Structure formats: structure tokens, C-alpha cells
Amino acid sequence: MNEVIRALWRGGQIEFARPEYVFLFLAIPVVAVLIFFYSRKGDTTVLKALKAKAGSWKTYASLALVWGILLGSLGAIISSPRIVEYGPPETTPRGDYIIMVDVSRSMDASPSPDGESQMGLARQLAQKIVEDSGTARFQIYGFSGLTFSLTNLTSGHDDLKSAIKNSLHVGIISNEGSSLVNALAVVARERMANPELENVSHIILLTDGQGSDQNFSEAMGLLREAGLSVISVGIGSVSGWKIPLLDEQGRFTGEYARIKGAGDYISRLGEGLLKRISEQTEGRYFNYTQSEEIISYINSTLSLDYEIIEPQEVLRTTDLSWILFFPLWLSLIALSFSRKFY
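In numbering that gives the first Met the number 0, the protein residues as written are 0 to 341.
Incorrect hints may have been included.
[To be verified] Here are the simulated lysine-lysine pairs, BS3-like style, with alpha carbons at most 30 Å apart: (1) 160 x 241; (2) 127 x 164; (3) 164 x 274.
To be clear, the hints were calculated from the coordinates, so they are not data collected in a lab. Bear in mind that the values here come from a model prediction, so they are computed numbers and not experimental data.
Whenever a hint applies, use it, and build me the whole structure from the sequences.
This is the structure:
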């Protein structure tokens with residue numbers, strides 16, 4: 000009983016697993032009353048039954064009530080009443096976004112050997128964007144020498160976060176280098192060619208901004224044609240971070256990645272290119288440390304036009320049939336002691 004009370008307190012709704020029997024059990028008590036009215040010896044109408052003596056009337060009324068409870072309880076049990084608790088109501092998507100994450104070798108750079116790498120920082124920020132950006136839908140892309148999609152356009156947080164955690168890492172593809180500008184052009188073409196992406200309005204770009212600006216004008220033209228604004232997020236440091244070399248156990252070896260004949264490789268944040276991209280597409284540039292400002296800006300681009308969808312996900316059900324066995328058994332006991340049982 001406590002579980003029933005808790006389920007109702009949580010906002011559960013009483014429903015029937017077999018609703019086609021509901022009208023049957025509602026009609027049963029009425030039928031039971033009529034049967035007992037017509038069953039009186041010598042009486043053939045309900046009117047005569049109503050004019051019967053008081054003692055006889057009370058007897059038949061009591062029996063009719065007991066039979067009504069018995070048959071009504073039985074009908075209700077057959078209908079399988081239960082308390083259904085649904086998940087929270089949802090809304091239609093208020094915005095569609097593409098998250099592009101740089102997975103080139105330079106994203107292994109970190110401020111210290113035991114510090115979070117640029118790739119790790121990008122994953123953390125991508126997770127936060129997915130979690131905190133209202134009811135938006137996202138599609139995750141990775142890029143290095145090639146550009147590739149890791150998910151479909153979805154609002155499913157579990158799928159998105161799983162892809163971010165398990166699939167976004169340096170070396171996911173063998174092509175070396177980072178072709179940032181060309182990657183944006185690829186996504187712009189995909190946006191125009193794929194009807195499922197027709198409502199995508201922004202690209203959220205997570206990168207250190209390294210790479211050539213070759214074909215820059217062409218890429219910016221494609222982005223504008225596709226109606227895409229770029230929210231650029233710079234990951235890293237303008238002064239530069241090194242790439243620590245780790246052993247198989249993930250421990251720092253004491254050495255850093257080197258450029259042959261040029262010393263240690265240093266990854267420097269290319270803010271200039273990222274700012275140009277955002278300016279050319281009427282977007283916005285942020286540093287990765289401005290996570291709250293990034294989320295606030297993304298939420299400001301969400302549409303105000305949406306619909307509330309009734310919850311469909313069933314969290315739990317609580318059976319109520321057992322409660323109805325009490326009146327069923329009580330009515331059977333009452334009838335077993337009645338002389339008017341037949």
C-alpha cells in the first residue's frame with residue numbers, strides 16, 4: 000500500500016492494461032441489480048420489486064449490492080488496473096547544431112606532463128555543451144586530414160556523450176595534419192546536401208586553430224551559402240604547449256614530441272584564424288576557459304518556438320489488481336452466508 004501511495008505522490012496515472020474491459024465492469028453492477036429485481040418470486044417487473052415489503056426490499060438490495068461488488072471487482076481485476084509513472088515531458092528541438100572537434104596530433108599538447116591535454120579539454124567542453132544546451136540536437140564530427148561524422152543528428156544525450164568519450168581521440172584516423180578550413184567546407188556541403196540537416200544553424204568548432212588558411216574564401220562562401228555561423232572555441236595557449244610522450248601505462252617518459260631538426264614541437268593557439276572564421280560567418284569566438292559564456296551564447300541562439308510533447312517513456316508501473324481481491328473475497332464470504340445465494 001505504501002508503494003501505491005508513493006507512486007501516486009510521484010504523479011503516477013491510474014490506467015488499465017486491458018481498457019476494453021472497463022465498460023464491461025461498469026455495466027456489471029447495474030446488470031446485477033436488475034437480475035435480482037426480476038428474480039423475486041411472483042414479481043416480473045422492476046416496478047413490482049420497488050413496491051415490495053421493506054424486509055424483502057432490504058434483503059434484495061443488500062444482495063444486489065454484494066453481487067455488484069463481486070462482479071465489479073472481478074471485472075476491474077480483469078481490466079488490470081495499474082499506476083503508470085511516465086518520464087518528464089519533452090519539447091520539440093529548439094535548435095540543431097554540429098560540433099566539430101579537432102583530432103589532429105597537435106591536440107595531444109598539454110600545459111604540463113600530468114595536465115589535461117587539448118583533446119581532453121575539448122571532450123570535456125563538448126560534454127558540457129551537450130548537457131547544458133537546452134533541448135537542442137547535435138551531430139558530432141571529427142576532423143584531421145579527413146572530416147568524418149561520429150553520430151547522426153540527435154538529442155540523445157547518452158549516445159552523444161558516449162561518442163564524445165569513446166570515439167574522439169587523437170589518431171582516430173591515420174591521415175596526418177589538420178585541414179581546418181577544408182573541414183568546414185566539407186560540413187557546409189553536407190549541410191546543403193542532407194535534408195536532415197536543413198535546420199542546422201551553427202557549427203561549434205573546438206580546435207587549436209592550427210593549419211593553413213588555403214581556400215579560406217571558398218570555404219567562407221560555402222558556409223554563408225549554407226546559412227551556417229561558426230562558434231569558434233580556441234583550445235590551448237597562445238604561448239604554446241608541448242606534447243609529452245607517454246609509455247604504454249600512460250606515464251610520462253621525460254621526453255616531448257620533436258620536429259626533426261627543429262627541437263620540441265610546440266602547439267600554439269591560432270586565435271587569429273578562428274576569429275576570422277567567426278567574423279566571416281557572423282558567429283562568435285571564445286577561449287575554452289569561457290565555458291559558461293559559451294553555453295550562455297549557444298542557449299541565446301535557441302529558438303523560442305517549440306511544442307511540449309507528452310511523455311512517452313514509462314519509468315515504472317505499480318499493479319493495483321491485488322487491492323481489488325479484498326472486496327472480491329468479502330463479497331464471496333457474504334454470499335456464502337446468505338439464504339438468497341440462489
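Evaluation of the provided hints:
1. Restraint check for residue 160 and residue 241: the C-alpha separation of about 28 Å stays at or below 30 Å, so the hint holds.
2. Of the supplied pair hints, the one linking residue 127 and residue 164 holds, its CA atoms being roughly 12 Å apart against a limit of 30 Å.
3. For the given pair, residue 164 sits about 27 Å from residue 274 by alpha-carbon distance, which is consistent with the 30 Å threshold.
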